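S.K.: As given, the protein sequences belong to chains A and B, one line each in that order. For the first sequence, my numbering assigns the number 1 to the initial residue and increments by one for each residue that follows. For the second sequence, my numbering assigns the number 1 to the initial residue and increments by one for each residue that follows.
One thing to keep in mind: the hints can contain errors.
For lysine-lysine, the following DSSO-like pairs were computed, each having C-alpha atoms within a straight-line distance of at most 30 Å [what the hints assert, rightly or not]:
id	chain 1	residue 1	chain 2	residue 2
1	B	K162	A	K704
2	B	K526	B	K195
3	A	K720	B	K233
Treat the hints as calculated values from the structure; they're not laboratory data. Bear in mind the structure is a predicted one, so any value in this text is a computation, not a measurement.
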Amino acid sequence: MESGKLHLMKFHRRWQILSYAEAVLYAVGIVVLFYLVSKNLWVGILSFVVSMVIILVIKKPWKHSLATTGNYIDTHIDEASFSTGLLLQPEDSLSNLAKLQRYKVSEELTKRLGAIQPPNKLKQAVLVMLGLVLLGVVVQKLDLFKSVESVLRNSANETQIQFVATDSISDKSVIPKIFSQDISVTYPSYTRKGTIVVSNPNIKAIAGATVQWLLEFDNPVQEVYLDRMGELIPLQKGEKGYRIQQVVSESGFYNFKFKNEEGIEFTSDLFSLEAIPDNPPEIEILGLEQYTYFDFSDTKIVELQSAITDDYGIDEAYIIATVSKGSGESVKFREEKLNFKETISKGVKSVKAKKTLDLNALKMELGDELYFYIEAFDEKQPKRNVARSETYFAVIKDTVSEQFGVEGTLGVDQMPDYFRSQRQLIIDTEKLIKDKPSITSKEFKSRSNELGFDQKALRLKYGQFMGDESEMEEAPAEIKSDEQGEDHDHAEDQENILKEYSHDHDGDNEHNLVAAEKAEEAEDPLHDYLHNHDDPEESTLFEESLKTKLRKALNIMWDAELHLRLNEPEKSLPFQYDALTLIQEIKNSARIYVHRIGFDPPPIKEENRLTGTIKEIENYRKNETKEVENPFEALENAVARLEQLIQQESTFNEADNALFTAAGNELGQLAIVNPSKYLQVLQGLKRIENNTGRTMNNYKFVQKGLLSALPKTPQIPGAKKEYIDEINSLFLKQLEVYD
Amino acid sequence: MIDGFSFLQKELIIPILLCGLVVFNIYVWKEWQTKQRGRFVVNSIVALITILALGILILEPTKEVEINDSQALVLTDNYNAVVKDSLLNYYKGIKVLDYNPVKLIRKELDSLTNVIVLGDGIEPYDFYLFDSIPTTYIPNAAPMGVTRLNYTEQLVLGCELKVSGSYSTPIEKSFLVLQDSRSNGLDSIQLIENKNVDFNLTTRPKVAGAYVYQLAVKDSVGVILETNPIPIKVLKKEPLRVLILNTFPTFETKYLKNFLAESGHEVIVRSQLTKGKYKFEYFNTPTQPVYQFTDVVLQNFDIVITDSETYMSLGKSAKSRFEKSIAEHGLGLFIQPSDFLFNTRSSDAYFKFKSDRINTVILPIYAAETEKYPYQFDEQLLVEPIDLDGVSNLAAYRQMGNGKIATTSLLSSYQLLLNGKSEVYHGVWTTILDKIAKKKGQAVSWESNTKIPRKDEPFHFEVRTNLEELGVINEDSISVSLVQKALLPSHYSGTVYPKKIGWNTLQVENDSTDFSYYVFEKNDWKALTSTMIIAANKKQFANETQKNRTVFVDRPVSQLLFYILFLLGVGWLWLSPKLAAEG
């Protein structure tokens with residue numbers, strides 16, 4: 001390549017390098033300015049990159065091509081004769097004249113190009129750079145951005161744990177500083193929040209979370225403690241510094257304490273540790289009346305829609321439905337646990353769940369009631385939080401309701417309901433007689449037989465009162481064979497029912513079997529002391545006259561049953577009436593009437609009244625000292641003392657230390673409930689205590705906080721000091737004269 | 001005629017006289033030497049006249065002149081410039097004086113025949129300057145701000161601090177906020193209309209001590225426009241010694257005694273078991289049975305609470321000892337009501353009642369309903385009602401000498417306690433017992449007569465004492481001179497000039513009792529001060545005779561005559577030797 005072109009390219013490169021250099025100079029100026037203003041290396045580097053890019057984009061040094069360089073040379077070197085372009089073209093494509101010119105230009109450029117400089121603003125760039133540097137220096141010297149900077153710094157420092165010496169003399173000694181602090185809050189696993197690294201030492205975390213502090217000091221320290229509400233917990237020394245883990249169970253405060261090598265104690269500010277409780281799930285039932293009533297003909301469907309929310313996640317939710325049947329004493333409950341239509345995935349924070357409750361599917365009948373509520377659990381550990389919704393009701397209206405009543409005159413309702421049945425039997429029998437012409441003989445017989453059975457059942461029940469438990473054996477054989485299967489079943493049923501309510505004295509495993517066997521033979525010696533329900537004659541359920549009556553009634557019932565079984569209801573009816581009469585008599589005789597009488601005290605002799613001797617009555621003395629408890633005494637004294645300090649009536653003395661410590665303890669009690677509200681006041685108090693905040697502003701701040709923390713003054717009477725003026729006394733005396 | 005003359009340069013008279021004499025003597029001696037006998041006498045006389053004229057020229061003679069048309073306009077704080085201009089226009093040649101309490105204007109005033117005062121007015125302690133000058137006062141309109149203020153300067157803990165006053169021409173919808181010494185808001189009122197508003201703010205201080213509360217004016221968004229200090233002193237209550245006498249134990253007594261004992265008072269309860277036998281209960285006090293009510297025994301107690309049966313059945317001598325203790329030592333007696341009390345018609349009953357057939361009453365502040373006897377107090381001369389939560393006919397006391405006897409028509413007040421309204425119960429009994437409790441003696445009572453003391457301005461105070469000798473010292477232990485009142489030897493008054501802003505104290509010599517007063521800053525309570533000064537000025541200058549006084553003023557005599565005399569004299573003395581030489 002000929003030297004002309006070579007030079008041209010060199011020139012071109014020089015131009016580009018100069019352009020880049022220009023950009024670098026500008027950028028350096030900006031960097032220095034930014035660095036001096038912000039005093040932060042990173043800001044400087046960032047600004048360098050940014051300004052460099054901006055300037056390069058503006059200048060576009062890479063856009064210089066050889067052609068533009070050629071144009072520039074053409075305009076600035078006369079000898080080039082506007083022919084620099086020829087150098088850039090391939091030699092072969094040129095005419096002879098052009099070749100000649102090319103050669104000439106090439107020769108010329110080789111000579112001349114060293115003399116001219118590519119166009120540049122290097123001087124300007126240097127000046128701008130120097131100007132910016134100067135500006136930076138001036139700004140730094142004058143601290144123009146001091147306030148801005150302090151704001152920036154403070155925000156960084158607030159979260160840094162600072163230590164102060166508790167002993168004010170030790171100012172000279174080196175204060176070990178924390179150069180790295182790591183506070184990480186590990187949430188319980190169920191919250192799915194994992195571990196969060198926080199910068200603010202005032203920690204708010206869910207109860208159960210674990211907080212870990214990792215402190216690294218720049219100077220050797222010893223005896224590093226975490227002071228948590230007066231409880232000193234040592235920090236473990238590890239490779240990287242001091243480490244401690246604490247579980248957040250309740251709100252409180254903490255600070256760190258340590259000693260440096262010289263044994264001087266340092267303490268940090270007070271920080272709050274607030275435990276936020278995991279709230280139980282919230283359940284909302286949407287668009288449902290608390291009571292829903294259905295008629296029998298309605299479609300008995302309850303559409304249950306609910307919204308369940310929890311702060312960390314729902315574990316489980318279901319419906320508890322209870323069906324109640326019957327009323328009064330005979331009410332029965334059936335509880336069922338129903339799941340929602342949707343499956344609730346664990347850990348969902350909010351869910352809308354639906355369920356259609358079909359009352360028919362729940363086998364509910366007239367008069368039955370359904371109570372249901374939703375129960376939801378969250379995932380809290382170790383014990384899940386439970387929330388229950390309000391209870392909702394669905395009722396199927398009963399058109400006919402039975403009234404349950406107790407006879408008012410009876411203290412004890414001795415009479416079982418069965419006594420009513422004899423009357424019912426009579427009514428049914430009369431009805432059967434009346435229906436006889438209109439029904440088939442088979443049905444007539446069957447109904448009569450049924451009535452007979454009912455009569456038997458009634459008799460058996462009365463027999464129980466008599467102690468007739470093996471009544472079945474007395475039944476006539478033919479009837480027994482007639483209705484064998486059915487009767488047996490029923491009788492056994494009856495027996496089974498009875499077993500639950502009676503002493504099984506005649507069972508196989510009678511409690512005093514051996515003794516009883518002996519006694520049977522030898523005139524039972526225990527006879528007088530035992531209730532022997534076995535023997536109807538010995539039954540103590542009813543008194544003697546009643547027993548004979550009842551036995552009579554039972555015998556009559558036998559006859560009534562007999563005729564019913566023989567399909568002769570007409571003949572049975574008189575027996576039934578007799579039985580009813582007897583039963584009525586028994587019922588009435590069992591009623592107990594108590595005559596009401598007042599209390600008639602024995603008469604007192606008039607002459608003896610009010611003549612009792614009081615010799616033995618002594619004076620009574622009781623001495624008691626009640627402590628006046630003022631839980632905020634130190635707080636009150638501290639406020640008064642602070643006022644003196646603020647008014648500069650006196651200076652801080654040793655006695656004040658004790659006072660402010662006591663006040664701090666009292667405020668601490670208040671602050672446990674609401675740490676964030678009182679934390680700063682408490683910190684201020686601590687600062688007064690350890691001589692780092694004995695300034696007017698802090699006094700004022702603390703006093704303000706204490707004043708607002710103090711409760712209302714209780715109303716207590718007391719004496720006032722007053723000067724008693726002679727003139728006033730005279731005046732009062734004179735007034736009395738005119739009264 | 002010669003009386004009216006004097007010289008301006010009075011101090012130069014003697015040296016000038018001496019100099020003149022010397023010069024004259026030299027002249028006479030020189031003239032004698034030259035032996036111009038013919039003109040010796042004439043020349044000597046001329047020389048004398050010339051020297052005299054020269055002397056007089058230097059001494060500047062004056063002549064007393066009677067004038068009666070010299071006026072001045074005294075401009076005081078906040079004067080209205082428009083009024084000033086029109087006055088200047090109207091009274092041509094009127095002098096304008098700027099009033100400043102620190103700078104004396106007495107000299108200027110001396111030559112004036114009358115004065116117009118414009119603005120807020122003259123400080124009351126400077127009124128004496130205007131004693132002999134007819135003065136017209138053109139008052140300012142009422143200023144904007146607090147123009148009237150009353151507050152409890154000294155109170156006991158548990159009592160209410162009441163701040164009342166009026167605010168003139170407030171900014172609409174601004175707030176007046178009572179704040180404690182660290183600007184926690186305690187009570188406030190919104191000033192809705194922009195005319196005179198009366199306000200009434202209350203709070204119960206929480207802590208004893210001397211505090212400077214603030215009355216702040218805030219606009220509707222809470223920006224503080226102005227604050228003014230309210231210095232208060234909160235004292236502690238002292239525990240009482242209470243004797244309770246009952247014929248039989250009652251629930252009322254039981255709860256009252258518990259309340260008193262738990263608040264730290266010394267309580268002795270004596271309830272009768274049977275004839276001559278009693279049940280004594282001592283709380284916070286050593287065992288010391290009370291059988292007889294002698295003066296000594298009664299003197300030990302601050303309050304005696306007794307049911308009406310016990311008190312009425314006391315013997316005459318016991319009763320009179322009670323009355324003596326009440327009247328002389330200020331014992332407080334509370335009679336627990338019963339039907340018996342309301343139905344006695346005896347002439348020596350302390351209270352008269354009339355039936356009102358109302359069995360319940362509502363205490364409005366707490367909205368608590370409670371039972372009462374169907375009676376109310378009848379008006380009597382020495383019987384004053386005790387205000388219980390805004391109801392004034394439930395309790396009353398009768399002043400008897402230095403002490404008080406009280407009773408109430410409340411029935412079963414302990415039910416308030418049982419209903420959980422202990423605050424009401426405590427409030428009611430605190431009010432009643434505070435009213436009648438024996439006052440603990442104090443040797444000295446102080447009273448400030450200057451409403452708003454300021455630095456370097458006179459602060460007037462009054463002292464009442466039963467001490468034989470009283471000496472008061474200020475903070476620098478310098479004795480303050482007191483004026484004893486001629487008719488009331490126990491009353492003294494004095495004046496001090498406080499040197500610092502804030503709390504200042506005065507102390508009784510050789511005694512611990514001191515009195516602190518707060519010295520306000522220059523800008524505190526501006527409107528209030530202005531209002532007070534305006535009122536004082538209006539009063540002071542209302543009845544002035546408007547006739548101009550006559551003032552004698554020394555006016556300089558024209559010196560031209562002496563100058564001509566001097567020139568002629570000197571001319572003659574120059575000419576005379578020349579004439580003599582020719583002649």
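S.K.: State for each hint whether it applies.
M.R.: Verification of the hints:
no.	hint	verdict
1	B:K162 with A:K704	21 Å, holds
2	B:K526 with B:K195	18 Å, holds
3	A:K720 with B:K233	13 Å, holds
Hint compliance for this structure: no hint is broken.
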